[in-house]
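Since the structure of chain G is provided, determine the placement of chain E on it from the hints.
Which chain is which? The protein sequence lines are G and E, in order.
Throughout the first sequence, residue numbering follows the working numbering, covering 17 to 256 in sequence.
Throughout the second sequence, residue numbering follows the working numbering, covering 251 to 520 in sequence.
Because the hints were derived from the structure by calculation, they are not lab data.
Fair warning: there could be bad hints in the mix.
Label pairs and their in silico Cβ distance ranges [claimed, not checked]:
#	chain 1	residue 1	chain 2	residue 2	range
1	E	Lys-443	G	Lys-36	36 to 42 Å
2	E	Gln-505	G	Pro-22	17 to 23 Å
3	E	Thr-433	G	Tyr-55	47 to 53 Å
4	G	Lys-29	E	Asp-395	55 to 61 Å
5	G	Lys-33	E	Gly-384	43 to 49 Å
6	G	Lys-33	E	Tyr-500	25 to 31 Å
7	E	Pro-495	G	Phe-46	36 to 42 Å
8	G	Pro-22	E	Gln-350	30 to 36 Å
Listing some non-contacts, in silico: residues in chain G with all C-beta distances to chain E over 12 Å [as the list claims (entries may be wrong)]:
#	residue
9	Leu-32
10	Asn-237
11	Glu-250
Anything over 12 Å on all C-beta distances counts as not near chain E; from chain G, calculated [unchecked claim]:
#	residue
12	Lys-34
13	Pro-37
14	Phe-41
15	Asn-58
16	Gly-173
17	Ile-175
18	Glu-200
19	Gly-223
20	Met-225
21	Val-229
22	Ile-231
23	Thr-246
24	Asn-253
Note that beta-carbon positions come from the ideal geometry of N, C-alpha and C, so glycine has one too.
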Amino acid sequence: MYDIKPLENDWKKYKLKKRKPLYVFIVIVFFSSILLYIYLLNSSKGFTIFDKFSKQIDNFSKSKSNSVQAPSNSQGSILINSSLNNLELYETIEVRREQTINSSTELLVDIPILDVEETPLIESSVSKSKGKVHLDIFETTSVTAYEDVERRFRQSGDIDDALFLAKSYYKKGDFEKSEYWALETNKLNSSSEESFFIFVKSKAKLGNMNEAVAILNSYLNRTNSHEARTLLNELKNGKI
Amino acid sequence: MKSRYTAAKNVFVDSIDIDDYIELDSSVSAYQQLQHSMDKPLKMILLFGRPGTGKSILLNRIQEKLKHQREIYYFDTPAPTEREFFQKLFKLLTQKDLPQNTEVNFSALIDFCKNLRGKREIILLLDEAQMYSGEMMEKIRLLSDTRAVKFVVSLHKTEDEDLIAKEHFQSRIWEVIELKNATKEDQTAYIHKKLLKKNLFEIANSIKGKNMKLIHKCTKGNYRECNKLLFTIFEICEYYDENEPSKINYSHVSQQIIEMAALKLGYIDV
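Okay, chain G solo, but in the shape it has when bound:
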């Protein structure tokens, strides 16, 4: 047997050929896993960012609402509905003097779910007492904005849209609709605590306090959630 070395080389080639489908399979699985991971990461990030920005906008509105002066009344005086703060913000930053506040760019949130309306219904001008920054915020109470989101939800069944509507209607004070949309959200994700709380609060607001407390008690027994306990106390103390 003098041809052992070529035979060993042949065997290595054969082994490689035999394992080729396995290697291909492993590579496909590996890359698929990476892609899936990236996809899942992005989709969860997207939701978090949306929430984060909503909160930022809320905070901003609250902090500024004290300093909001009565709007110039050539267009009539309309109160800013806080529930719509996260719907649409049209900002124009005018640098009246030399200084530009870069941090204001954080507030430039483009929410693509809404149509841009040419004529803003609410205009409020925010001007700093020191007079260095003049910030104009235009908001809309347009019903079509909600309708657009609703229509899109009917097509896509996106849970974020449903939750958005539930939160918005609750803030707006339309508790029947917020109850409905909280329920829709809960149908899609039964573990969504946020939508569940909106549902309970809406129930309470609609005068069904006993039912709200009973539902919350039942939930509390199941989950022992701290937030649920806090909400229950608030309900019992009549804070909601």
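Then chain E, alone, in the frame of chain G:
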């Protein structure tokens, strides 16, 4: 020092030596079937199967076993010419050499055989019968019709060539015995028995179940192919044992060595 694998290698040198005959369930069954057929008043018996299924060794075995009880002769390869075949046959029947410069008269041979009916019963085992011409086979048939000479005809059954389909042959064959390739279990027993016959217990024990599975897959249970593969496997083992002992595991034969042997013999491709 001689490698332990040298003896194992030599066990699988392909031969039809009767000493190498391994009794397996399937071979015992074929042997008994053939012996039983030869006891019947049949004129021709057909033994067929693919090359390497053990036809030749079975004919050898039966001749060896019955040679002291019956008048039985084994023709391992067909005579190159018809003339030589009948010369050989003449010698067997008459126990005399054919005088020089003479030829066997076929009609006289038939008459001679007719006279032997009831006095002698001669059995001729014709191996590799697919090499006989159609004309020769016709003459063999005429001889068998005398009922003094009984023929056991062994031939390969191939896809293209199926002699039993030939009308003149089919009508006169009374019994057909088919030998098939070994099952995995039969082949395992065959390999083990062959090695144990030469007291190579450790080596027999080093061939594990998964090795046997691969060997059977490569050889499809064909005994000749099995011999070739095992010979090559032990040849590779012998090389490693003598030159690169670190590459060999003495407790079990590695799949790599079997695959290398299979590559060398062309059972698998790169």
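Taking the hints in turn, this is what the structure says about them:
As the Cβ distance of Lys-443 of chain E to Lys-36 of chain G is approximately 39 Å, the hint placing it in 36 to 42 Å holds. Taken as a hint, the range 17 to 23 Å holds for the pair Gln-505 of chain E and Pro-22 of chain G, whose Cβ atoms sit roughly 19 Å apart. Separated by about 52 Å at the C-beta atoms, Thr-433 of chain E and Tyr-55 of chain G satisfy the suggested range of 47 to 53 Å. Between Lys-29 of chain G and Asp-395 of chain E, the C-beta spacing of about 60 Å keeps the proposed range 55 to 61 Å intact.
Lys-33 of chain G and Gly-384 of chain E have their C-beta atoms about 47 Å apart, which keeps the hinted 43 to 49 Å range intact. Roughly 29 Å separates the CB atoms of Lys-33 of chain G and Tyr-500 of chain E, a value that falls within the hinted 25 to 31 Å. Between Pro-495 of chain E and Phe-46 of chain G the Cβ separation comes to about 39 Å, which falls inside the hinted range of 36 to 42 Å. Here the CB-CB span from Pro-22 of chain G to Gln-350 of chain E is close to 56 Å, at odds with the stated 30 to 36 Å.
Its beta-carbon lying about 9 Å from the closest one in chain E, Leu-32 of chain G breaks the requirement of being farther than 12 Å from that chain. Non-interface status of Asn-237 of chain G relative to chain E is upheld: no Cβ of that chain comes within 12 Å, the nearest being about 58 Å off. No beta-carbon of chain E comes within 12 Å of the beta-carbon of Glu-250 of chain G; the shortest separation is about 70 Å. With a closest Cβ-Cβ approach of about 9 Å to chain E, Lys-34 of chain G is found to fall inside the 12 Å limit, against its non-interface label.
Residue-level check passed: Pro-37 of chain G sits 16 Å from the nearest beta carbon of chain E, beyond 12 Å. Distance check for Phe-41 of chain G against chain E: the nearest CB is about 21 Å away, which clears 12 Å, and the non-interface claim stands. The claim that Asn-58 of chain G is not at the interface with chain E holds, since no C-beta of that chain comes within 12 Å of its own (minimum 45 Å). Taking the minimum C-beta to C-beta distance to chain E, about 53 Å, the non-interface status of Gly-173 of chain G holds against the 12 Å cut.
The Cβ of Ile-175 of chain G lies farther than 12 Å from every Cβ of chain E, with a closest approach of about 53 Å, so its non-interface assignment holds. The claim that Glu-200 of chain G is not at the interface with chain E holds, since no C-beta of that chain comes within 12 Å of its own (minimum 59 Å). Listed as a non-interface residue, Gly-223 of chain G keeps its Cβ farther than 12 Å from every Cβ of chain E; the least gap is roughly 76 Å. Every C-beta of chain E lies more than 12 Å from that of Met-225 of chain G, the closest at about 73 Å, which supports listing it as non-interface.
Even its closest Cβ contact with chain E, about 69 Å, leaves Val-229 of chain G beyond 12 Å, as expected for a residue assigned away from the interface. Even its closest Cβ contact with chain E, about 63 Å, leaves Ile-231 of chain G beyond 12 Å, as expected for a residue assigned away from the interface. Its beta-carbon lying about 65 Å from the closest one in chain E, Thr-246 of chain G satisfies the requirement of being farther than 12 Å from that chain. Distance check for Asn-253 of chain G against chain E: the nearest CB is about 74 Å away, which clears 12 Å, and the non-interface claim stands.
Checked against the numbered hints given earlier, the structure breaks hints 8, 9, 12 and satisfies all the rest.
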